[in-house]
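Its first residue numbered 0, the first sequence is counted upward by one per residue in numbering that gives the first Met the number 0.
Note that these hints are calculated values from the structure, not bench results. Where hints are given, some of them may not hold.
Label-pair distances were calculated between CB atoms; the ranges are [what the hints assert, rightly or not]:
1) E75 <-> C221: 50 to 60 Å
2) E118 <-> E321: 16 to 26 Å
3) D81 <-> E118: 31 to 41 Å
4) N327 <-> D225: 32 to 42 Å
5) A50 <-> D120: 52 to 62 Å
6) K88 <-> T285: 46 to 56 Å
7) E216 <-> T186: 34 to 44 Å
8) G232 <-> K49: 17 to 27 Å
9) E216 <-> A156: 17 to 27 Å
10) R262 <-> K132: 43 to 53 Å
11) E227 <-> A280: 16 to 26 Å
12) R304 <-> T186: 39 to 49 Å
Computed list of lysine-lysine pairs in PhoX-like fashion (alpha-carbon distance at most 20 Å, straight line) [what the hints assert, rightly or not]:
13) K63 <-> K88
14) K64 <-> K80
15) K283 <-> K235
16) K88 <-> K49
17) K203 <-> K157
Where a beta carbon is used, it is the ideal one built from N, C-alpha and C, also for glycine.
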Amino acid sequence: MLDLNFVRGNLELVEEKLRLRGADPAALLGNFRALDRSRRDAITQAEQLKALRNELSHQVGARKKAGQEAVALMEEIRALKDRLDILDKTAASLDEQMHLSLSSIPNLTRSEVPTGSSEADNLTVKTWGHKPKFDFEPKPHWELGEALGILDLDRAAKLSGARFAVYMGAGARLERALISFMLDLHTTRHGYTEVLPPFMVNSKSLYSTGQLPKFAEDLFRCSDADAEAVARGEFKDNDHWLIPTAEVPVTNLYRDEILDESRLPICLTAYTPCFRAEAGAAGKDTRGIIRQHQFQKVELVKFTRPQESDAEHERLTRDAEEVLETLNLPYRRVLLSTGDTGFSSAKTFDLEVWLPGQGLYREISSCSNFEAFQARRANIRYKAASPGAKGKSEFVHTLNGSGLAVGRTWLAILENYQQADGSVVVPTPLRAYMGGLERITR
RNA sequence: GGAGAGAUGGCCGAGCGGCUGAAGGCGGCGGUUUGCUAAACCGUUAUAGGGUCAAAAGCUCUAUCGGGGGUUCGAAUCCCCCUCUCUCCGCCA
0 MLDLNFVRGN LELVEEKLRL RGADPAALLG NFRALDRSRR DAITQAEQLK ALRNELSHQV
60 GARKKAGQEA VALMEEIRAL KDRLDILDKT AASLDEQMHL SLSSIPNLTR SEVPTGSSEA
120 DNLTVKTWGH KPKFDFEPKP HWELGEALGI LDLDRAAKLS GARFAVYMGA GARLERALIS
180 FMLDLHTTRH GYTEVLPPFM VNSKSLYSTG QLPKFAEDLF RCSDADAEAV ARGEFKDNDH
240 WLIPTAEVPV TNLYRDEILD ESRLPICLTA YTPCFRAEAG AAGKDTRGII RQHQFQKVEL
300 VKFTRPQESD AEHERLTRDA EEVLETLNLP YRRVLLSTGD TGFSSAKTFD LEVWLPGQGL
360 YREISSCSNF EAFQARRANI RYKAASPGAK GKSEFVHTLN GSGLAVGRTW LAILENYQQA
420 DGSVVVPTPL RAYMGGLERI TR
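Given only the sequences and the hints, what does the whole structure look like? Please build it.
Below, the structure written as structure tokens:
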């Protein structure tokens, strides 16, 4: 969420930034000034009446204490009530509208983000590694996996439907190895603390990180959650949704807290499954396990001081890249354009891994700097500890990135490490996690 | 699932109809004292939203004592509902 004062004072800039994203400023901010004005007028009126009521009530107290009667005063106050009731309701309703309107505005992208309307305008920042050369036609992962008996999509469909996968034998072990490998790398070499959060969260948490209210249809909702209430802007702490990413529970760890500056930056890593409804993705990536309703991910999350978030963003992206480099998977780093940058993000790098079986680069990580956008929604602040500082609390900056999407790493290994006989060589760093297995064969 | 107890500021903790935005302590910040450190002492220290202001500061108003509703001229304090925490019992991986 953007700061109300900031929007009020920089309306043209905000509208311009919205246009860069391909959003419609008129739809989002068309009545901003009018709404702002009437909201403030209503609040002023209601508060003036409350001040009067409080003053008169005080007089009642004083008279009673002095042993005088106060019937007339009490009558007067009672007479205010109807008027106050209406004013209060009006003010509350306008305030709610303002909040909902503000909650629907995406974050402002940073100036270095390339202008564009879609992923076609993303900027490739760097390319790493050598694409493997094959003296045979490389196969896509679904053919390799099914032939090796380590991936069973047909039975997954029987169990759960489309867009689910069953991993068997060395396939299951490879998935588990990747999770352990990534967590170990981030905790021992990159300084992250491991977190194992709940896989279900309440709607308040999803509001804080920006998934609600706008993107409810992308989520799996448990039966105790009320999508209509969410659409009205009611976020509860006693309903449940399946997490679409560990970003949600991990970022919300410090919701409504004031952190000590000396603790920053806080760097956390978490393995979780991720559940996505993939609404609107019908017909997209239907083959293989690129796009699933459930996939595993190791996530990186940081809480930083505002002045450090840019440098920490670079560091976090490097931490994700190092997973690919250690596994020797060719990739490129892409700076997303204004049109492709996510709702809550001010700047996002995607890492795209080379998939020889399909002959293209595919997103395997997305590393974003949300600046204070999520922190403002989640009310995560820090208090300056440095001497001389005024002790005023400020919003932290939050960042996160996949380090990495495990399912896509799994399939990237199959495609990049495949052999002419259909077997797959296990990358050296994973062998210790696979009981020494060097090659997955039929 | 049943029974009971509780939820107050950065933290601990008092208050149980008006004098309470909230005692006291801890912590933080500023200062005095002091070879240094420590200690002691003094002062200060919530958040959000209105109004005023060119703006900031300041001043002022409103709201906030887990969340929501109610009673009352007036609610941290009384009543109802919900959530969470703790204790005991039951069930359970």
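Here's how the hints hold up against the structure:
1. Taking the beta carbon of each, E75 and C221 are about 51 Å apart, inside 50 to 60 Å as hinted.
2. For the pair E118 and E321, the supplied restraint of 16 to 26 Å holds, since their beta-carbon distance comes to about 25 Å.
3. At roughly 57 Å, the beta carbons of D81 and E118 sit outside the given window of 31 to 41 Å.
4. Range check, N327 to D225: about 48 Å between beta-carbon atoms, so the 32 to 42 Å window is missed.
5. Taken as a hint, the range 52 to 62 Å holds for the pair A50 and D120, whose Cβ atoms sit roughly 54 Å apart.
6. Roughly 50 Å separates the CB atoms of K88 and T285, a value that falls within the hinted 46 to 56 Å.
7. The beta-carbon spacing between E216 and T186, approximately 35 Å, falls within the hinted interval of 34 to 44 Å.
8. A hinted range of 17 to 27 Å for the beta carbons of G232 and K49 is consistent with their spacing of about 24 Å.
9. The supplied range of 17 to 27 Å is met by E216 and A156, whose beta-carbon atoms lie about 22 Å from each other.
10. As the Cβ distance of R262 to K132 is approximately 48 Å, the hint placing it in 43 to 53 Å holds.
11. About 24 Å separates the C-beta atoms of E227 and A280, a value consistent with the hinted range of 16 to 26 Å.
12. In this structure the supplied range 39 to 49 Å is violated for R304 paired with T186, their Cβ-Cβ distance being about 23 Å.
13. At most 20 Å may separate the alpha-carbon atoms for a hinted pair to count; K63 and K88 exceed this at roughly 31 Å.
14. Note on K64 and K80: the hinted pairing is violated, with a Cα-Cα distance of about 24 Å set against a maximum of 20 Å.
15. Restraint check for K283 and K235: not satisfied, since their Cα atoms lie roughly 33 Å apart, outside the 20 Å limit.
16. Proposed proximity of K88 and K49 is supported: the alpha carbons are some 13 Å apart, at most 20 Å.
17. Taking the CA atoms of K203 and K157, the gap is about 34 Å. The hint is violated against a cut of 20 Å.
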